[in-house]
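J.: Top line first, the protein sequences correspond to chains A and B.
The first sequence begins at 38 in the numbering used here and counts up by one.
The second sequence begins at 2 in the numbering used here and counts up by one.
What the hints contain is simulated information worked out from the structure, not anything from laboratory work.
Everything numeric in this text was worked out from a predicted model, so none of it was measured.
Every clue listed holds true.
Simulated restraints on C-beta separations:
1. B/L313 / A/Y69: 34 to 40 Å
2. A/P220 / B/V43: 32 to 38 Å
3. A/S60 / B/M263: 45 to 51 Å
4. B/P50 / A/T100: 56 to 62 Å
To list a few chain A residues with every Cβ distance to chain B over 10 Å, as calculated:
5. L111
6. Y114
7. E115
8. L116
9. S120
10. I125
11. G133
12. V136
13. L140
14. T194
15. K217
16. S245
17. A251
18. V276
Backbone N, C-alpha and C define an ideal beta-carbon position, used for all residues, glycine too.
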Amino acid sequence: MSNTNNQAPVILNQPKKIKLDMSDRIIRGFTYVLVTLFSIACIIPFWMVIASSFSSEEAIRRTGFTLWPSDFSLFSYELLFRSPDQMIGAYVVTIGLAVVGTLIGLFVISMTGYALQRKDFPFRNHIMFYIYFTSLFSAGLVPFYLLIKQTLNLADTYWAILLPLLMSPWLIVLMKNFVKAIPHEITESGKIDGAGDFRIFWNLILPSMKPALATIGLFLALAYWNEWYYSSLFLSSKVPYRPLQYHLYNVINKVASLKNSIAGSKVVVEDLPGETLKMATATIATGPIILLYPFVQKYFVAGLTVGSVKG
Amino acid sequence: MAKSKPVVNDQLSYKKPSFWQLLVQNKTLILMCTPAIIFFFVFSYMPMPGAYIAFTNFQYNKGIFNSPFIGLQNFKFLFMSGQLTLLLKNTVLYNIAFILIGNLLQLMFAILLNEVASKWFKKTTQSMMFLPYFISDVLVSLLVYNLLNYDYGFISNLVRNMGSEMAKVYQMPNAWPIIIVLVNLWKGTGYGTVVYFAAITGMDTSMMEAAQIDGANGFQRIRYITLPTLKPTVVILFLFAVGGILKGNFGLFYNLVGNNSMLFKTTDIIETYVYRSMMNSFNFAQSSAVGLFQSVVGFFIVIGANAFAKKLDPDYALF
Numbered sequence: 038m039s040n041t042n043n044q045a046p047v048i049l050n051q052p053k054k055i056k057l058d059m060s061d062r063i064i065r066g067f068t069y070v071l072v073t074l075f076s077i078a079c080i081i082p083f084w085m086v087i088a089s090s091f092s093s094e095e096a097i098r099r100t101g102f103t104l105w106p107s108d109f110s111l112f113s114y115e116l117l118f119r120s121p122d123q124m125i126g127a128y129v130v131t132i133g134l135a136v137v138g139t140l141i142g143l144f145v146i147s148m149t150g151y152a153l154q155r156k157d158f159p160f161r162n163h164i165m166f167y168i169y170f171t172s173l174f175s176a177g178l179v180p181f182y183l184l185i186k187q188t189l190n191l192a193d194t195y196w197a198i199l200l201p202l203l204m205s206p207w208l209i210v211l212m213k214n215f216v217k218a219i220p221h222e223i224t225e226s227g228k229i230d231g232a233g234d235f236r237i238f239w240n241l242i243l244p245s246m247k248p249a250l251a252t253i254g255l256f257l258a259l260a261y262w263n264e265w266y267y268s269s270l271f272l273s274s275k276v277p278y279r280p281l282q283y284h285l286y287n288v289i290n291k292v293a294s295l296k297n298s299i300a301g302s303k304v305v306v307e308d309l310p311g312e313t314l315k316m317a318t319a320t321i322a323t324g325p326i327i328l329l330y331p332f333v334q335k336y337f338v339a340g341l342t343v344g345s346v347k348g
Numbered sequence: 002m003a004k005s006k007p008v009v010n011d012q013l014s015y016k017k018p019s020f021w022q023l024l025v026q027n028k029t030l031i032l033m034c035t036p037a038i039i040f041f042f043v044f045s046y047m048p049m050p051g052a053y054i055a056f057t058n059f060q061y062n063k064g065i066f067n068s069p070f071i072g073l074q075n076f077k078f079l080f081m082s083g084q085l086t087l088l089l090k091n092t093v094l095y096n097i098a099f100i101l102i103g104n105l106l107q108l109m110f111a112i113l114l115n116e117v118a119s120k121w122f123k124k125t126t127q128s129m130m131f132l133p134y135f136i137s138d139v140l141v142s143l144l145v146y147n148l149l150n151y152d153y154g155f156i157s158n159l160v161r162n163m164g165s166e167m168a169k170v171y172q173m174p175n176a177w178p179i180i181i182v183l184v185n186l187w188k189g190t191g192y193g194t195v196v197y198f199a200a201i202t203g204m205d206t207s208m209m210e211a212a213q214i215d216g217a218n219g220f221q222r223i224r225y226i227t228l229p230t231l232k233p234t235v236v237i238l239f240l241f242a243v244g245g246i247l248k249g250n251f252g253l254f255y256n257l258v259g260n261n262s263m264l265f266k267t268t269d270i271i272e273t274y275v276y277r278s279m280m281n282s283f284n285f286a287q288s289s290a291v292g293l294f295q296s297v298v299g300f301f302i303v304i305g306a307n308a309f310a311k312k313l314d315p316d317y318a319l320f
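Working from the sequences, and respecting the hints, build out all of it.
T.: Here you go:
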């Protein structure tokens, strides 16, 4: 701090030391406090759901939701696992959709992204425009709804959820930006060796774009995992098992479905631990994301860095 | 195709390859794009003629194109009843709040994080702030319910413990603009911060070092180095957002408000109205009129925003 401007030569002797003047300290102090507070605010609601799922219903009726399980109880989980087929069914459906959708989506998106960034592909701009235009203009929800329901007749099938989520213009642009970073010489060398375009893509390009596949695959998987929208549009009560988040949506919003999900477990409806049951369902439905999050987060960050700013 | 072959070999009269020749030459690449082309054809282009439904008195059993044509009557009704104006007002005002406050917060957090030396602190807080982005809107609604529910909510209890009476938030339309903006900030700030932070870390660090050696303090470095380097990113993201000013976040609004009609005056946006009038009141024609209005006007706003960006700097243009 005592090293002021008139002692410039001294600074030259210790070039590594960075001065911290008043304003730096203010900024740093401010940052630590503000960022820490906001980060905690981002986590606490999750904690609260988990904590209340381990509380007894009675304690919640007495003291409301708290930060610590009041009157620790596993009753809501016990109930869920007493007739678990709704939950297991939802898990199987969701995992199935996520795996199949992510694999097909990844294959198509990466293939398209590779072709569209090839500078020697004369139709690349036309096709890109054809794809991009759909993000600028759409017919709206009603014609789309009628298409799925009347024309394609996909209502009450899992296709109505699997298909619409397969790809988006944004993901294709993102993939294109990723592939651009792979040197064109790889394609050239493949051509010289006489490989066809698909073979070049499959054997040479795909193996060198694992980070891109990880990022976009995670975006796809997350969309399938969090899907409730198409389910709410197209899956009626005729469909026995719904995707997890839509199952959760029903548990939250419909007492009826709540009654169904524990019918046969010999609990009088009035005694139903409604609040804790909601929280337990939410915990089970979201648990995998929270558990996997620390490991996959960096791929999302990589994706945002490459593709979110410009297409 | 065989007929045109000799032309290519004749160097003197070299002609650009015809369309068919290009198709044949690039057949593999075209085939590789075909699944995506079919996908967007089916799910995006095939519904487009169906927008005609907005001009009909739609009857489900007759289908779109056999229902009676009634011209602009659906639009007229929506305008006259004031419904469309209300939806537009809500949608645009929410988006303005999201864009302005959201970007300000994201920028602030990104810049502040950049001033911190501890790598551990940066990584941990970024991870924590990013987490809400990964959560479905269904869960978000439950989290809000946990806090604000009149009987058991965490905040309700805090208020009661301090001796005051808690308001019945789920019956107060005026509280919801604030709640929805806060929830949206909670969900999106981490995402935006990561984007801006990536833009900052991507910048040339030598300028920063030079400024430090020259004795620039923290405020000066932010003002004269960080902010100017971020300008293109900010402008592009801002224009992106303005282009989408008529698009609402359906999942967030619908899960928070649902069918609670007491709150519609302040919370109903285009998407929620379209969804409800189709799924609950089966009013397909009016629902699609609102949707079509949104698509057409939104389209021109995007084009306008892009033209404006191009004028500012060709590099800013989105397409």
